[in-house]
Amino acid sequence: MKKNVILISVVVILAIFPLFIQKGAEFGGADGEAEAAIGEINASYEPWFSSIWEPPSGEIESLLFCLQAAIGAGFIGYFVGLTRGKYKRKDNVNNKEGQI
Amino acid sequence: MNKLKSIFNWKMIYFLAFVMIVPKQAFAMHIMEGFLPVEWAIFWWAVTIPFLILGFRSIRKTIKENPDTKMMLGLSGAFAFVLSALKIPSVTGSCSHPTGVGLGTVLFGPFAMSIVGFIVLLFQSLLLAHGGLTTLGANAFSMAVVGPLIAYGVYKGASKAGLTFAFAVFLAATLGDLGTYLVTSIQLALAFPSEVGGFFASFTKFSTIFALTQIPLAISEGILTVVIMNFLKKYNVAELKALRVFSKGAEQR
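As they're listed, the protein sequences go chains Z and E. Heads up: the first sequence begins at 1 in UniProt numbering, then just goes up one per residue. Heads up: the second sequence begins at 1 in UniProt numbering, then just goes up one per residue.
These aren't lab readings, by the way, just hints derived from the structure by calculation. Fair warning: there could be bad hints in the mix.
[Stated by the list, open to error] No farther apart than 25 Å at their CA atoms in a straight line, the calculated lysine-lysine pairs in the DSS-like style are these:
{"hint": "1", "chain 1": "Z", "residue 1": "Lys2", "chain 2": "E", "residue 2": "Lys64"}
{"hint": "2", "chain 1": "Z", "residue 1": "Lys86", "chain 2": "E", "residue 2": "Lys64"}
{"hint": "3", "chain 1": "E", "residue 1": "Lys160", "chain 2": "E", "residue 2": "Lys64"}
[Unchecked claim] Computed footprint of chain Z on chain E; a stretch qualifies when at least three of its residues, placed anywhere within it, have a C-beta under 8 Å from a C-beta of chain Z:
{"hint": "4", "stretch": "42 to 50"}
{"hint": "5", "stretch": "93 to 101"}
{"hint": "6", "stretch": "105 to 117"}
{"hint": "7", "stretch": "150 to 160"}
{"hint": "8", "stretch": "203 to 212"}
{"hint": "9", "stretch": "231 to 244"}
[To be verified] FRET-style restraints, in silico, Cβ to Cβ:
{"hint": "10", "chain 1": "Z", "residue 1": "Phe49", "chain 2": "E", "residue 2": "Leu212", "range": "26 to 36 Å"}
{"hint": "11", "chain 1": "Z", "residue 1": "Ile13", "chain 2": "E", "residue 2": "Leu212", "range": "17 to 27 Å"}
{"hint": "12", "chain 1": "Z", "residue 1": "Ala36", "chain 2": "E", "residue 2": "Lys64", "range": "46 to 56 Å"}
{"hint": "13", "chain 1": "E", "residue 1": "Ala161", "chain 2": "Z", "residue 2": "Asn92", "range": "37 to 47 Å"}
{"hint": "14", "chain 1": "E", "residue 1": "Phe199", "chain 2": "Z", "residue 2": "Ser62", "range": "17 to 27 Å"}
{"hint": "15", "chain 1": "E", "residue 1": "Lys64", "chain 2": "Z", "residue 2": "Arg84", "range": "19 to 29 Å"}
{"hint": "16", "chain 1": "E", "residue 1": "Phe199", "chain 2": "Z", "residue 2": "Trp48", "range": "39 to 49 Å"}
{"hint": "17", "chain 1": "E", "residue 1": "Phe246", "chain 2": "Z", "residue 2": "Val5", "range": "20 to 30 Å"}
All figures in this text were calculated on a predicted structure; none of them were measured in a lab. For each residue, glycine too, the CB sits at the ideal point set by N, CA and C.
Input sequences plus hints: build the corresponding full structure.
In structure tokens, the structure reads:
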């Protein structure tokens with residue numbers, strides 16, 4: 001598990017690093033930039049269909065977003081706990097069987 | 001009916017419920033609603049649908065052969081959800097997010113994640129106005145079809161070449177993620193070739209926006225996939241063997 005701690009630290013560093021080398025950048029979404037690029041290439045293009053529903057505000061959007069991350073992480077946490085519990089029980093019942 | 005029941009037990013209901021209730025945040029990878037000309041929108045839908053059928057069959061077959069792996073299918077879905085919720089800043093000064101389909105692909109083969117990816121994209125376009133229904137075919141093709149195909153090919157190739165299990169998983173998830181964004185760039189360049197320079201000029205432009213931003217995130221996705229895989233390798237070795245995840249001898253290394 002020590003290996004995993006190191007690996008996760010690398011991910012965190014990868015995420016923080018850009019904040020320092022790109023000071024003052026907007027950190028907007030790349031899809032907005034693509035929208036602008038389409039405008040440059042073909043200025044006459046008009047989107048012919050628009051979204052059926054949009055979240056009424058940035059707050060609602062971030063609420064839905066937090067909910068998503070929370071429930072997803074909840075399932076992963078449940079899976080990890082369940083699996084380790086099962087493994088330990090098997091280990092206790094038969095010391096050799098549970099070993100890898 | 002019995003089969004249906006066994007598929008839709010409570011674990012699957014939980015999983016499906018959170019797939020449906022929980023939408024997605026501003027996605028960097030997706031082509032926005034209405035931003036593909038009609039003929040391209042239809043074309044990508046037509047290309048994607050056969051893969052959805054393959055994906056459905058693949059999941060059904062896996063659950064039938066190894067009912068014990070249902071929880072791991074749920075885990076692959078949950079992993080894709082969490083990862084695609086993480087909008088991470090990148091060296092280009094904009095944000096993007098990983099795709100998370102690499103894990104499920106290594107576990108369940110090249111087609112299973114097409115369904116999961118498609119559902120993610122569908123609800124995201126319905127509930128968060130990111131991506132879109134008309135561009136869903138194209139977006140699903142890049143994230144749910146090509147991404148997993150690349151990841152699978154890389155995983156098999158790297159295993160055959162004798163790389164360690166962890167490194168093969170890392171390469172598969174990273175390159176699958178990058179491939180998704182390259183396909184998005186190709187799709188946009190095909191639909192919007194530059195007046196000067198045509199397809200290639202456009203491709204350069206879009207791939208700078210999408211793929212370059214994605215490189216550090218793809219590496220992060222690769223690492224996180226290895227973290228989960230380390231856990232599965234320790235505690236779920238029986239399931240991994242049943243799914244034939246390991247190539248010959250790979251588990252020893």
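Here's how the hints hold up against the structure:
no.: 1; hint: Z/Lys2 <-> E/Lys64; in the structure: violated, 36 Å
no.: 2; hint: Z/Lys86 <-> E/Lys64; in the structure: holds, 23 Å
no.: 3; hint: E/Lys160 <-> E/Lys64; in the structure: violated, 28 Å
no.: 4; hint: 42 to 50; in the structure: violated (count 0)
no.: 5; hint: 93 to 101; in the structure: holds (count 4)
no.: 6; hint: 105 to 117; in the structure: violated (count 0)
no.: 7; hint: 150 to 160; in the structure: violated (count 0)
no.: 8; hint: 203 to 212; in the structure: holds (count 4)
no.: 9; hint: 231 to 244; in the structure: holds (count 5)
no.: 10; hint: Z/Phe49 <-> E/Leu212: 26 to 36 Å; in the structure: holds, 29 Å
no.: 11; hint: Z/Ile13 <-> E/Leu212: 17 to 27 Å; in the structure: holds, 19 Å
no.: 12; hint: Z/Ala36 <-> E/Lys64: 46 to 56 Å; in the structure: holds, 48 Å
no.: 13; hint: E/Ala161 <-> Z/Asn92: 37 to 47 Å; in the structure: holds, 40 Å
no.: 14; hint: E/Phe199 <-> Z/Ser62: 17 to 27 Å; in the structure: violated, 38 Å
no.: 15; hint: E/Lys64 <-> Z/Arg84: 19 to 29 Å; in the structure: holds, 27 Å
no.: 16; hint: E/Phe199 <-> Z/Trp48: 39 to 49 Å; in the structure: violated, 22 Å
no.: 17; hint: E/Phe246 <-> Z/Val5: 20 to 30 Å; in the structure: holds, 25 Å
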